[in-house]
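Chemist: Could you put together the complete structure from these sequences and hints?
Take a look at the letters that make up each chain.
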Amino acid sequence: METGVAPVISLSPVRHRDDVVTGAGLLPVLPALRELLPGGGLQRGSVVTTGDWGLLSLALAAGAVADGAWCAIVGVPAAGVQAAAQAGLDPERVLLVAEPGPGWTQVVASLLDGFDIVLLRPPEQPSAQLRRKLEAAARRYGSVLVIAGDWPGAQSRLLVADAEWTGIGTGHGRLRARQAQVIASGRGAGERGRSAWLWLPGPDGAVTAAEPADVAGTRPHGGYSGTARADAGEPLVSSG
Amino acid sequence: MTSRTAAARRVLVLRCPAWLDSDRAGSDSVSSDGAGGGSSAARAFESVVTIAQDFCPQVEVLRPGVCAIAARGPARYFGGEAELARKLTEAVGRSGVICQAGIADGLFAAGLAARAGPTGLLVPPGETPEFLAGLPVGVLDIPELCELLPRLGIETLGQLAALPSAEAASRFGPPGKLASRLARGLDPRPLIPRPPAADLSVQLEFDPPAEQSEPAIFAAKALADQMHDRLAAAGLACVRVQVQVHCADGQELSRLWRHDGLLSALAVAERVRWQLDGWHGAAGITLLRLVPDQLVRATGRQLALWGDSVPSDRVARAAIRVQAMLGHDRVTRPVLAGGRRPADQVLLVPFGDTRAPQRPADRPWPDQIPAPAPATVFDVPLAASVTDDSGREVTVSGRAQLSAPPARLATAGGPARTVTAWAGPWPVTERWWDPRHARRQARFQLVTEDGTAWLAALQDGRWLIEASYD
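Protein sequences appear in the order of chains A and B. Read left to right, the first sequence gives residues 1 to 240 (our numbering). Read left to right, the second sequence gives residues 1001 to 1470 (our numbering).
Bear in mind the hints are in silico, worked out from the structure with no lab data behind them. Where is the CB? At the ideal position from N, CA and C, for every residue including glycine. Keep in mind that the hints are not guaranteed to be accurate.
[Said to hold, decoys possible] Simulated restraints, written as ranges between beta carbons of each label pair:
#, chain 1, residue 1, chain 2, residue 2, range
1, A, A161, B, G1398, 38 to 46 Å
2, B, Q1226, A, D162, 53 to 61 Å
3, A, D90, B, Y1077, 51 to 59 Å
4, A, G40, B, R1314, 20 to 28 Å
5, B, A1232, A, R34, 41 to 49 Å
6, A, S195, B, Q1226, 34 to 42 Å
7, B, G1451, A, E35, 20 to 28 Å
8, B, P1215, A, D150, 34 to 42 Å
9, A, A136, B, V1380, 33 to 41 Å
10, B, E1147, A, D162, 48 to 56 Å
11, B, A1233, A, G40, 41 to 49 Å
12, B, E1147, A, D67, 32 to 40 Å
Modeler: Written out as structure tokens, the structure is:
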């Protein structure tokens, strides 16, 4: 139906690179995640996947929410709000729709008009038609759809490739922090894979870049690595 | 009407302790059904309000569980104030709800009188200042003063009332002025003696009639915005707002809600929702009207400098639209609460409701899991099985002795995974003073071969997965 005036989007040079609307800005992300995303942020109107639900999904929204954006979490009844808060995602600006029901695509489309970021774990694999409908809604309202799961046609895909918990041994210590390698791939031609080592989460629950030095050492299986020492007999209680 | 006659206004407050308690219990439980407690309580309270309406057509709902009527007229009709209170509590009691009725001069004193005894208290006309004089300043429920005044040696309302009003206002600001008025048995703010020249009510007609309540609730927010704009333009605030709903069958449903110039447009829309949900089976709605009642001069409302996350209109509209699709309770905002289990640390409040957690997060919670927090928290823990090398279930003795190191973890319906690292047990004893909520657990953290970490607990001989760190 490309008669008369062609849609602006097809003329835009941005389409070539990121396939998103022109003029729409970037939503900021946590500093540690910047190098994983083209442009250093979440492109408005785009779809990003994070693999299975986890802290990475929450961390991806944290930077924008800290900047004043609102975030809706759909289809994740077990979302850890405390973890979100520790990762920097302010629960005050979060809306939870734990069970979006059979009409979940309509729910997500409505939320995209209003919320800057929608974190979605699809209750079922959507058809290509429904996917296109939601992608169009994200583009129209300039929101970002973050998918915990699979989404053919996503502009960016992040994946936790390798992860190791530190601080816990066999019968001693406790979970302190997790070093994770996150690999990002894009859809556009010439988009080369990016990867970064993160504390996902760090000892205080925050998501930060892991220094190469933290990662370099040997990471024995079932053991713990250098930075966080496991102390035998330490109680699992907060001092507060 | 001068402030003197306003002060002499006799008010009956009807209070249903069971509702207030159940509301509290609702906020105590963190499950999704508990989160809906506030508004569902509001709906159920409708039945009590309907009974009160038989005694006086103008019933003002202060909050779910508490409502007020002007006592003077009905008292004359029913043979005295004592008789009115007795008949009203009996009528409500017949519907299976225990309630207290208090009568005094002014709303504040009447509310306290209702709480004063098992069935409430009748404070004779003119004796309200004496009744109030003996009460501690804590009953004012003004947080910034309740701590300060006792430190200054002002322990009772009587001592506060003895201070000159102007002094209280200049020393403590607007809260002090309010406290001083309340302590002397006056209404919080003097009523404006003349009726406003312009009609400040707003309305919307539905043609064709709205068959469901959702469109009316949706419209109510815009109407409330309009009403607030008009009030603000006139420099006024309303103490109460009357919600009038006209139905296609000619029925007119009207209800007064406490406003005090504090309700947001969203909160007004929420009250319209409660009102419509309470009236089941009404025919299609043809008209919705909001009438500001009891106008007072607007003194302004101070928003918190930081941390007041007020949803923008765009956000609120999207949330309300989804609520219209799924139901009010299924669209929630999380509030961090205190608790030892990860699932206890979040309270889900339906969008548009306000609820402070009963267990605040900023108190010490010994045995709380230290950071980092798990990214997945199961509201209902998953059943699991943790076995040792020989395949036997791992147990913990009363002295926290482990039968054998855990070697494999299998969640219900999931594959068995090899445990690569683990720590525990950490015994947790919760609420031992309350047999209904008491819980003894031995807590573990387990890491499995796939790199996932789990928060597991052994309780009553059963393994549970409470959360996972992924």
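Chemist: Could you work out which of the previously given hints the structure breaks and list their numbers from low to high?
Modeler: 6
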